[in-house]
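Take a look at the letters that make up each chain.
2 protein chains.
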Amino acid sequence: MQEPITGEQLIGFSSSARGSDTFRTHNPKTGAPTPWSFREATREEAELAMALASKAHEAYQEVPGRRRAAFLRAIAGALEADAEILVPIYMEESGLPEGRARGELGRTVGQLRAFADLAAEGSWVEARIDTALPDRQPVARPDIRKYQVPLGPVVVFGASNFPFAFSTAGGDTASALAAGCPVVVKGHPLHAGTGEAVARRVGQAARETGMPEGVFSHLQGSGKDLGAWLVQHPLSRAVGFTGSREGGLALSRMGQERAEPIPVFAEMGSINPVVVLPSATDPGLGWAAAYAQSVTLGTGQFCTNPGLILGIVGEGWQQFTRSLAEAIARVPQGCMLQDSMAGRYRSMRSDFLAQRGVQELVPTSPGEGALVGATVAAVSGKDFIANPGLQREVFGPFTLTVSCSGPAELERAVRSLEGQLTASLLGEEAELQRFGTLLGLLRDRVGRLLLNGVPTGVEVCPSMQHGGPFPATTDARFTSVGTDAIRRWTRPLALQNAPASLLPPELRDDNPLGIWRLVNGTFTNQQGGT
Amino acid sequence: MQEPITGEQLIGFSSSARGSDTFRTHNPKTGAPTPWSFREATREEAELAMALASKAHEAYQEVPGRRRAAFLRAIAGALEADAEILVPIYMEESGLPEGRARGELGRTVGQLRAFADLAAEGSWVEARIDTALPDRQPVARPDIRKYQVPLGPVVVFGASNFPFAFSTAGGDTASALAAGCPVVVKGHPLHAGTGEAVARRVGQAARETGMPEGVFSHLQGSGKDLGAWLVQHPLSRAVGFTGSREGGLALSRMGQERAEPIPVFAEMGSINPVVVLPSATDPGLGWAAAYAQSVTLGTGQFCTNPGLILGIVGEGWQQFTRSLAEAIARVPQGCMLQDSMAGRYRSMRSDFLAQRGVQELVPTSPGEGALVGATVAAVSGKDFIANPGLQREVFGPFTLTVSCSGPAELERAVRSLEGQLTASLLGEEAELQRFGTLLGLLRDRVGRLLLNGVPTGVEVCPSMQHGGPFPATTDARFTSVGTDAIRRWTRPLALQNAPASLLPPELRDDNPLGIWRLVNGTFTNQQGGT
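Residue numbers (our numbering), protein chains in the order written: chain A, 8 to 537; chain B, 8 to 537.
Simulated from the structure, these hints should not be mistaken for laboratory data. It cannot be assumed that every hint is accurate.
Here are the simulated lysine-lysine pairs, BS3-like style, with alpha carbons at most 27 Å apart [said to hold, decoys possible]: (1) K231/B <-> K62/B; (2) K389/B <-> K62/A; (3) K231/A <-> K389/A; (4) K62/B <-> K389/A; (5) K36/A <-> K231/A; (6) K36/B <-> K231/B.
Being a predicted model, the structure only gives us computed values, none of them experimental.
Just chain A, same shape as in the assembly (with noise of 0.2 Å):
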């Protein structure tokens, strides 16, 4: 199966192509560019997408929940029906197999239908009422009740590493429209036929659901200005990215230096560090080898690859580290999704292993083109903790092993560690209770604490939390994936005193909807009255 990629953006429920200048995507395996061109999305475009944005705003917010479901659900469902015809486009973009493919386009879904039925159940607004107390003493409390609201357009930011989840109807689009905020794409260039097929499909099914025009659009892109100009317009309302540190502080700057500030929720990359404790190197546990996978899984293109390993000197640890450095070493060169991705990869990894004490533990070949070989670095911990430049996040199938010469030093070390997405703690359950300063340590820098095991492998459920100290993210009181990333574009408002009639159904008396309440301090899901 195929379809055409005219390379237009999507505005509301209409194709445009008003710009002149164009782009291409490219086959990173061979460097060759895709048969398509892309249009770059011009500024009256843009402000027509904010507009209709905005204009959708009055309505969508008062779509319920079962509608939004079902618009979501009709995403999904097109999204799944279509993996023929998006897979193949996907692959030739990313350069990714088509086992990966399959698998982030099920969990693009899975998303998708996870925040479809969050919406549908509609709890998620976390209501709360406090009936009229009128004679109470010294004065009578009003009535007063509260829920989440959606805080109006949200600019979303394909990102690179994820074609399908993390880009065009990924989980800050799925979220945002959950949450009853329209959603103006800012697809990536690098997977912008891709995004355009996937695009077209949220486009139909927001208009085959009743959707308010406008409730979604897709502009394409190929440099910053297009980004930067969608965050500092005035009625864009909240950002959500995924990418570099450069790109998400310039971003986060912009949102706080408008004339009305928004929230910008950045994901900048993480080392996610690793503390091997002795136990845990027996090879018996097969840690070396879990971690080999991890280390290199997508070419260690993931947000949670661990670029960190720290561990305690000694004849398990040389062991450990040898063996992992040797499965490493076995693994195929990768591909990764652009020739100047690879390009930086192939340069911080010279740089890193040009820094005092760094030595490859087992020699890899760094690869040519967008194919790069993946990298075990090793370091003492000393070396490491003077080193604040070994911290940075080399993006690819990299790891830096930091051999500590004593448990102070590992402490020291871990003292010294930026924020985090997650950090992973091997060892024994007594000898994990024996280390409990570092697991403190460990907890006040991370927003995912794996004890026993590896961070690659983001669970989409209530449960999860992406999103760690600065500078790992721009704010980590918030998820990026997960239900509760549905929080990001959503704010308390309280109506106090309202008529019955005014009331939405979240907050009536009789509780139509059957959610869970706290209901005068008292958390129920009764229906028919309060």
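Got chain A sorted already, so can you dock chain B onto it with the hints?
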């Protein structure tokens, strides 16, 4: 009853008087200095307070909710028991009447107990548990459990207008301590004696209930340097502030510009627009009298003071505004918190009355010294819309009535409004529905929307939202009043695959605290196993 006011800092469990610079507080009614002299905290003292707070964080975050609750209740008990000591100091420094002092103390005690109840009950941590599904295809699901954890040391600024309820042991302090965060208070210099007396009781309560030293410190400073230094201190993790827009924006910028940005929750004032629909001008409803009282309550020094009242020209509106102005003119002059505030009130009042088309409805005396007369100014909708300067907050007993030519101009006036803490809409139910667009516009601009009520009087309850779109506050997604205020000082932490012995009680299978949790997608407070 009396007790000495020493003018010293409270740092951890000790008084400290290292500084030699001093300042005094004054009785605004007489202009005379109080008998006390206060030492400016030195950098070394501030550094020690922050270091102790950071050290206390390690222990205090592990203190169970029930013990945090005991601490908060001990503070509440001490403040209540010593009302006869505290109220005279408060009155001496604020010029506010005894009834207000006792009412505010009661509210402060009530807040402390509400947060104690919240901490003791424990469900506020929003526990989410997804248990392992080892046989799930294509990949197993790991065990993941998430809850809210405290951010670390919080810097709280005392607010001039609430020496008890928004200062040393006010809502910010109570919510932060309940969340598990140590607090360093930068006391407000206008009521430094009240701050010291309250702080002494907080410190005593911390000692008596076995809290770690450094969980609370109180620093005095008459200028801006100390507060700025605390916000910029690498160990501070969040900031609570209630005050001017200028001050709030400056602190917020400092928080953003740190090497590691931190949230600054600044409430920066609001003019709390009121829309009077035609039916509400009926004199029998008494709204003119109710608003005359609301505007002049506490000499207009409330954050929810209604500073803007909009209506549609006509006989009813004319009569309403006339009645309002006459009622306000009859209110005796009130004492502001400081001569300089009264001076600023008078100069802004004059400035407003000099704006195009603005006039006083019933001339009142601006007063002198700390005493001020209330003002009702009037302007046409057209002149209001054309002059954004008329949206400035005049801190004090001031309100501006806006006479719109019809519903369309009223809607335009509302569209022109900035973000606000509250808005109020007065009218009959059928009329409210007819003005649905207006209602939607107000909703988008506020944190709390009142139907047929007055905004002053902020209930402390789960449904309260005290925080509105910028520039009313720096972050409309959080509230500074009500139990949800605890969220400001926390972030989510997920634990993956943690052995039972490392789980906090909140996340254990048997739910020993009996809290409400989302377990595998179902809300439950069941104990004894999931």
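**Message:** Which constraints among the numbered hints does this structure fail? Numbers only, ascending.
**Reply:** 3
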